[in-house]
Structures are given as structure tokens and as C-alpha cells.
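Enquirer: With the hints as constraints, model all of the structure from the sequences given.
Residue numbers (my numbering), protein chains in the order written: chain G, 1 to 163; chain V, 1 to 120.
Check each hint, because a few of them may be wrong.
Which stretches of chain G does chain V cover? Using the computed rule of at least three CB atoms under 8 Å from a CB of chain V, they are [stated by the list, open to error]:
(1) 6 to 13
(2) 56 to 64
(3) 82 to 90
(4) 114 to 125
Simulated from the structure, these hints should not be mistaken for laboratory data.
Since this is a predicted model, take the numbers as computed values, not measurements.
Don't be surprised by glycine CBs; every beta carbon is placed ideally from N, CA and C.
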Amino acid sequence: MKLQIVEESEFNKIEGVRQVIVHDYSHKFATIDFGDILGRYGLSWRSTLVDPIVEFSTAQNTLWIGVDRQLAAICPQSGRLRLIMPLTSNILQLLILDTLTVVLSENEVLIFNPNGSIRYSKSLPDIPEEISIIGTDLVINLLSGDSLTINPQTGAFKQSALA
Amino acid sequence: MSEGADVTIKESKFDYFFGRVTSNPRNAQRSLDNLESLQKLGIDEAYGGRERLMQIFHEGLNAHEIIEDRKISEQGLNISRKVEVSGEEQAGAIIVRYFYPDGNLSATPQVISIVALIYK
Numbered sequence: 001m002k003l004q005i006v007e008e009s010e011f012n013k014i015e016g017v018r019q020v021i022v023h024d025y026s027h028k029f030a031t032i033d034f035g036d037i038l039g040r041y042g043l044s045w046r047s048t049l050v051d052p053i054v055e056f057s058t059a060q061n062t063l064w065i066g067v068d069r070q071l072a073a074i075c076p077q078s079g080r081l082r083l084i085m086p087l088t089s090n091i092l093q094l095l096i097l098d099t100l101t102v103v104l105s106e107n108e109v110l111i112f113n114p115n116g117s118i119r120y121s122k123s124l125p126d127i128p129e130e131i132s133i134i135g136t137d138l139v140i141n142l143l144s145g146d147s148l149t150i151n152p153q154t155g156a157f158k159q160s161a162l163a
Numbered sequence: 001m002s003e004g005a006d007v008t009i010k011e012s013k014f015d016y017f018f019g020r021v022t023s024n025p026r027n028a029q030r031s032l033d034n035l036e037s038l039q040k041l042g043i044d045e046a047y048g049g050r051e052r053l054m055q056i057f058h059e060g061l062n063a064h065e066i067i068e069d070r071k072i073s074e075q076g077l078n079i080s081r082k083v084e085v086s087g088e089e090q091a092g093a094i095i096v097r098y099f100y101p102d103g104n105l106s107a108t109p110q111v112i113s114i115v116a117l118i119y120k
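Expert: Right, dumping it as C-alpha cells:
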């Protein structure tokens with residue numbers, strides 16, 4: 001499942017339903033090839049220095065793709081789209097855990113169940129640096145120096161200032 | 001916190017906009033992409049870029065809202081507005097995302113992020 005950078009003319013040959021990530025004013029274009037039977041999907045995005053994040057779920061039954069302000073999830077066995085979602089800010093990180101996928105953007109954190117449904121979403125008070133799993137909690141460090149702790153099973157939330 | 005008459009922004013955001021965030025490779029790439037995009041639009045921190053951004057944030061308060069980006073959360077209301085910006089090198093726009101605490105549109109909004117669009 002390799003991402004291949006292509007010219008815009010090559011991207012435009014892909015039928016619209018297979019253009020799973022499309023941005024206005026795109027400057028970069030790519031395809032992801034799922035083989036002879038399932039075929040190729042197309043991506044376009046704006047940022048010249050940032051490439052898409054492409055990650056398999058732990059069970060290998062979903063390929064998550066995120067770049068700029070678009071998120072997609074595809075079943076690599078059937079080729080079916082599990083999810084296509086526009087976001088309101090740029091994606092910074094995908095964190096794949098055993099039973100969930102966490103998407104961190106500049107403005108919010110989204111937690112997805114394995115089938116692509118949303119378990120939890122929360123707006124963030126500042127641009128995040130990173131999200132990590134510590135014990136059973138998700139910890140988000142913010143540029144401001146504050147940190148947020150979220151229990152992904154219950155949604156219990158705590159904000160604290162770093163020393 | 002930097003303040004104009006009608007908008008506020010955390011100081012750390014300028015590090016992110018002008019390419020100085022290096023906390024991890026992904027954020028560093030995004031921060032450098034912000035720097036490059038702003039420079040294409042003629043916004044350079046060494047030549048009044050911070051003041052130009054504050055001017056854009058002010059102009060954006062009356063700019064066209066991208067209605068599909070509106071989001072209501074427990075903390076307040078997030079609204080994106082698009083400001084057309086042209087540099088010598090490129091024409092484009094900056095999408096400014098404003099946060100209104102408690103959904104109060106009469107309150108002073110905080111700028112929480114930007115997206116620079118470079119037209120072809």
C-alpha cells in the first residue's frame with residue numbers, strides 16, 4: 001500500500017469516487033495502489049512540505065489516511081470506504097491503538113471506534129504538540145505548555161499546567 | 001497574549017506560524033510549511049509580518065465566513081473566515097479560525113489557527 005506522488009494530470013484520470021482526499025488549491029497529488037483487483041485511490045493536498053500520514057489499524061482491517069484538513073479510512077480487503085471526513089484544521093498526528101484510532105488536529109482531538117464511528121471529540125484550547133498513551137490515558141501536550149488528559153473509555157477529562 | 005483592539009492571540013501561535021516549532025518532526029514540517037506559505041503571500045516576520053497578521057486577523061472579523069467550518073463545543077463557538085491576501089510572488093488567502101468563549105459573539109475572539117491558501 002504505497003503512496004506514490006503523481007502529477008495533477010495523473011490524479012485527474014482517477015474517477016471522482018476514488019478521489020478520497022481532495023482539497024481546493026491543491027499543490028501536491030498522490031495515488032495509493034490497492035492492487036489489480038481493488039485499484040487506485042487519489043489524494044490531493046495543499047501543503048508542499050507536509051506529506052500524508054498513512055497508517056494501518058492494529059487489526060490491519062482499516063487504512064487511515066490524513067493530510068491537511070481531510071481524513072479517510074479504507075478497508076484494504078474490500079476496498080470499501082469506511083470514512084471520508086473534512087476537518088476544520090490541519091491534521092497533525094494519527095495514533096493507532098488496539099481498539100481505537102485517535103486523530104489530532106490543530107483544533108481538536110477525535111477518537112474513532114474500529115468501524116469508523118466517532119466515539120469522542122473535543123475542541124482544544126491551543127495547538128497541540130503531541131498525543132501519546134500513558135497507562136490507560138491519552139495525554140495531549142499543547143504549545144502553551146499545558147497538558148490535557150483524556151480517558152478514552154469514559155471521556156473523563158483533566159487539564160493541567162506543566163511545571 | 002497579543003491583543004489588538006478586537007482580537008487576541010497567544011504568543012506561542014506566532015512561533016507556529018513563523019516556522020519556529022521543532023517539538024517533533026511533524027509539527028516542525030507544518031510550522032515550516034506555514035512559514036513558506038506566509039512568505040509566498042508577502043508576510044515575513046522580519047519585515048512587519050506579525051503586524052500584518054494582526055491586521056489580517058482584524059480584517060477577518062468582517063470577512064466571508066466559511067459556513068461549513070462552524071463548530072459549537074462545550075467551551076464556545078469556532079468560526080472560520082477567509083481573507084484574500086496577495087504578495088508579490090503569489091495571490092492567495094488566509095483562513096482565520098476564531099474562538100468565541102461561551103458562544104458569545106459580542107466577546108473578543110481569540111485566533112486559534114490559520115490556513116494559508118496559495119492560488120495557482
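Enquirer: Determine for every hint whether it applies to the structure shown.
Expert: Here is how each hint holds up against the structure:
Here's how the stretch 6 to 13 of chain G fares: 0 of its residues keep a CB closer than 8 Å to some CB of chain V, so the rule of at least three is not met and the hint is violated. Coverage of the stretch 56 to 64 of chain G by chain V is violated [criterion: at least 3 residues with CB-CB distance below 8 Å; count 0]. Given a C-beta distance limit of less than 8 Å, the hint that chain V covers the stretch 82 to 90 of chain G holds, as 4 residues qualify and 3 suffice. Only residues whose C-beta sits within less than 8 Å of a C-beta in chain V count toward coverage, and the stretch 114 to 125 of chain G has 3 of them, enough to reach three; the restraint holds.
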